[in-house]
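**Q** Residue numbers (our numbering), protein chains in the order written: chain A, 1 to 456; chain B, 1 to 456.
No lab work stands behind these hints, which were simulated from the structure alone.
Any given hint could turn out to be false.
Said to hold, decoys possible - In silico DSS-like links for lysine-lysine, alpha-carbon gap of 27 Å or less: (1) B:421 / A:233; (2) A:82 / A:262; (3) B:196 / A:188; (4) B:82 / A:67.
What the hints assert, rightly or not - Using C-beta positions, here's what the derived DEER-type ranges look like: (5) A:81 / B:61: 57 to 65 Å; (6) B:200 / A:263: 43 to 51 Å; (7) A:85 / B:392: 47 to 55 Å; (8) A:156 / B:285: 30 to 38 Å.
Said to hold, decoys possible - Incomplete in silico selection of chain A near chain B, CB under 7 Å: (9) 112; (10) 196; (11) 233; (12) 272; (13) 276; (14) 310; (15) 312; (16) 336; (17) 343; (18) 348; (19) 367; (20) 371; (21) 374.
Glycine residues also receive a C-beta, built at the ideal position from the N, C-alpha and C atoms.
Number of protein chains: 2
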Amino acid sequence: MEENKEHITFEISEELIARVEHIVDTENDAEALELFNDLHYADIAEILDELSLDQATYIIKLLDSEKTSDILSELDEDVSSKILRNLSAKEIAEEIEELDTDDAADLIAELPEDRQKEVIDKIEDEEHKAEIEELLTYDEHSAGGLMAKELVKVYETWTVAGCLRKIRSQAKYVKRVHSIYVVDKQEKLIGRLSLKDLLIAKNESKIADIYIPKVDYVHVNDDAEEIAKVMAKYDLEAVPVVDDEKTLLGRITIDDIVDVIKEEAEKDYQLAAGITQDVDAEDSIFDLTKARLPWLFLGLVGGVGAFIIMEGFKEFFESYVVLFLFTPLIAAMAGNVGVQSSAIIVQGLANDDVKGSINNRLFKEMLLAILNGVILAIFLFLFVWWWENNEMTALAISTSLIVVIVVAGLIGTFIPLFLDKRGIDPAIATGPFITTSNDIFGILIYFWIAKLILGI
Amino acid sequence: MEENKEHITFEISEELIARVEHIVDTENDAEALELFNDLHYADIAEILDELSLDQATYIIKLLDSEKTSDILSELDEDVSSKILRNLSAKEIAEEIEELDTDDAADLIAELPEDRQKEVIDKIEDEEHKAEIEELLTYDEHSAGGLMAKELVKVYETWTVAGCLRKIRSQAKYVKRVHSIYVVDKQEKLIGRLSLKDLLIAKNESKIADIYIPKVDYVHVNDDAEEIAKVMAKYDLEAVPVVDDEKTLLGRITIDDIVDVIKEEAEKDYQLAAGITQDVDAEDSIFDLTKARLPWLFLGLVGGVGAFIIMEGFKEFFESYVVLFLFTPLIAAMAGNVGVQSSAIIVQGLANDDVKGSINNRLFKEMLLAILNGVILAIFLFLFVWWWENNEMTALAISTSLIVVIVVAGLIGTFIPLFLDKRGIDPAIATGPFITTSNDIFGILIYFWIAKLILGI
């Protein structure tokens, strides 16, 4: 493999970490600079994640701010905010100067409020400072919170030649030119151009004659998730952001959207698994407990609820012990069906894929649950009949199973749809919430139906 | 709002569907053309999804292939392949001619093999045909399956002026120019340039003097998921694809990667919820049953297993009924803990975030489970003590709970790590699989421990 071309295969290894730790501990700056010079900032961020806070701070202070600013942006927020605490306002301002406005604003937002002001005051580039201050005013989950101020903007009155000149100067500050946005004298967005269009056009043409007036845009207050959806749907690599007057304020690029999509998917997945906060395997036991214990507590309360219900049917103990021995099965089936139904609805809602009325949806789920329930009930009936040699007991248990599955499916379908209508994230309805409520309802229904069929 | 600029807010409505159905049924082609002319192909795809196959085919045949080719690419595979069955090989070839090679190959891959050949023979552009045939040879989950042949390529020997001329002609066939790839005489990738770099450079400069020799690339056989990870990590918007000799074969763009990321997240989510196939809320009851029933059946078997275990402890029934009334609680807690642990590991593995040995990981999970278990056990102890007025029973049940939680956490941590080491997708270990095995182990452990403590 030639040295300058890289097949992307960086793998962090224990040897590498040990080498970095040794370099830092022996303050071998020359070797550190040589090592990190060849590494991508995203890889260095991965390495810093493995080091102690002091070691990581040492490396951040050692390397050039051109590189460290990107590393700080890439690090998990809990790590970078700790490192920032070890840096002076002046040092942080130097990092900020190197970053695009969106990353700069995100980094500053991690600081406590009094330090934010201190750092902003130390930023030397007045324009950069004003832009960052503007970005800090927007909600972080809105278009304003995602966008960067860096973009290439031309006026409709310009010529192609003048435009190319101007772009040459603007382009230095814009890492990637996705689209060139065309504005009128009032700075209102009126169209777009690609660099390619500009290259193909004649030098003396006017922008007004060649620009594409059809341009998709989002409003500065639009929700980040919605923007992620439309950018993915329409395959947009960048989208301009405007205010109520259509004034061009900034642009959002696809790489920021990739992060939004990943975070959203991870959050839904964690909620479905009963984990309330964004944690990962490397977090502290305390953080992991905080994220997991509340849902487990809910499960405990549900289990106590099931116990109390079963206590209420205590009079059957003597003659129908077998009913009690199947309660874990009933609870498990109610939970599984509920999780399946709610997952399909939550995913459908996330993809804007759920059509038709709630009633239609419930009707379909009911048919599905009856089909699944009957198939499963037949197996259960045969087993209980064979084991207990009593077809009435088998009939009672298996019929109850069908009803439990239908009710669990309906609850699993209804709750996320209901929450969504109320403007609550339906993902919280998946996982332990559905499992627990279905456990309780399932066992209650099971004993009722069994009681009815067995005539007790 | 001015007509030419669009705030992205397309919402499909029942009125719109009804209007389209009416237009199609009355064969009002003029109105149809007017309506669809203003709509984005992704929106039209959403509308076709709601129509009957005949109605959708009618619209595809009516509209221009420039638009319908994109619509077909956007539609779900099961819908588009049905529509393709209604089109002649010649008609499909016309759609194919309009598409980029990657989308063209994907569309052809949906056809039965004998029709594939028929359609390819009808493609008039020989170069396009050869490129599509090449793409069809790669595995669809590899770099080769994702990449497009459309890219802008320049030779190191060219000048900037010559290069701009050449790019003007190549660029017509490339929708978006991300990077310009620099190759040597043997077509080997040696570097890259951005359009911006080219614009800033002097016309008489040689490419050899200005190109950036550091270029990330992937191998044509690399796995799609791995590529998605590195493109997201390094914020790449496009990446070149090479073979063993570093010959430049194609490029992958970020919009394809967004789809890979979304699909992967959805698959993991569905597996965690006990849904084996890629289904959505709008699929038929039969498809939904096929995806859901196997996991429910597993749950049923687990429940029967729990029943058999409890039968084995029947002798306690007289004196320790209360033990049996807590089995749903024990099973639920074992299931919940297992799902949490496995979800954290599966997500960590997906993000390459799980470091250290399996033993370290198990040790950490054990500490965590003990902490959670003790907190929950204290609550359960107090409840049972108060309710049953018997501290030995309360002690037996709550101590068992701790052990069950620890074992469930260890199983939930170990199984996905073990599967991953064996090269099996660890996501299958989440959801019903973990829940069911933990139910059974949980109940077994529970009775053993209780027996020990109560001295029975």
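**Q** Hint by hint, note whether the structure agrees.
**A** Tested hints:
| no. | hint | result |
| --- | --- | --- |
| 1 | B:421 / A:233 | violated (36 Å) |
| 2 | A:82 / A:262 | holds (24 Å) |
| 3 | B:196 / A:188 | holds (25 Å) |
| 4 | B:82 / A:67 | violated (52 Å) |
| 5 | A:81 / B:61: 57 to 65 Å | holds (58 Å) |
| 6 | B:200 / A:263: 43 to 51 Å | violated (35 Å) |
| 7 | A:85 / B:392: 47 to 55 Å | holds (52 Å) |
| 8 | A:156 / B:285: 30 to 38 Å | violated (56 Å) |
| 9 | 112 | violated (28 Å) |
| 10 | 196 | holds (5 Å) |
| 11 | 233 | holds (5 Å) |
| 12 | 272 | holds (6 Å) |
| 13 | 276 | violated (10 Å) |
| 14 | 310 | holds (5 Å) |
| 15 | 312 | violated (10 Å) |
| 16 | 336 | holds (5 Å) |
| 17 | 343 | holds (3 Å) |
| 18 | 348 | holds (4 Å) |
| 19 | 367 | holds (6 Å) |
| 20 | 371 | holds (6 Å) |
| 21 | 374 | violated (11 Å) |
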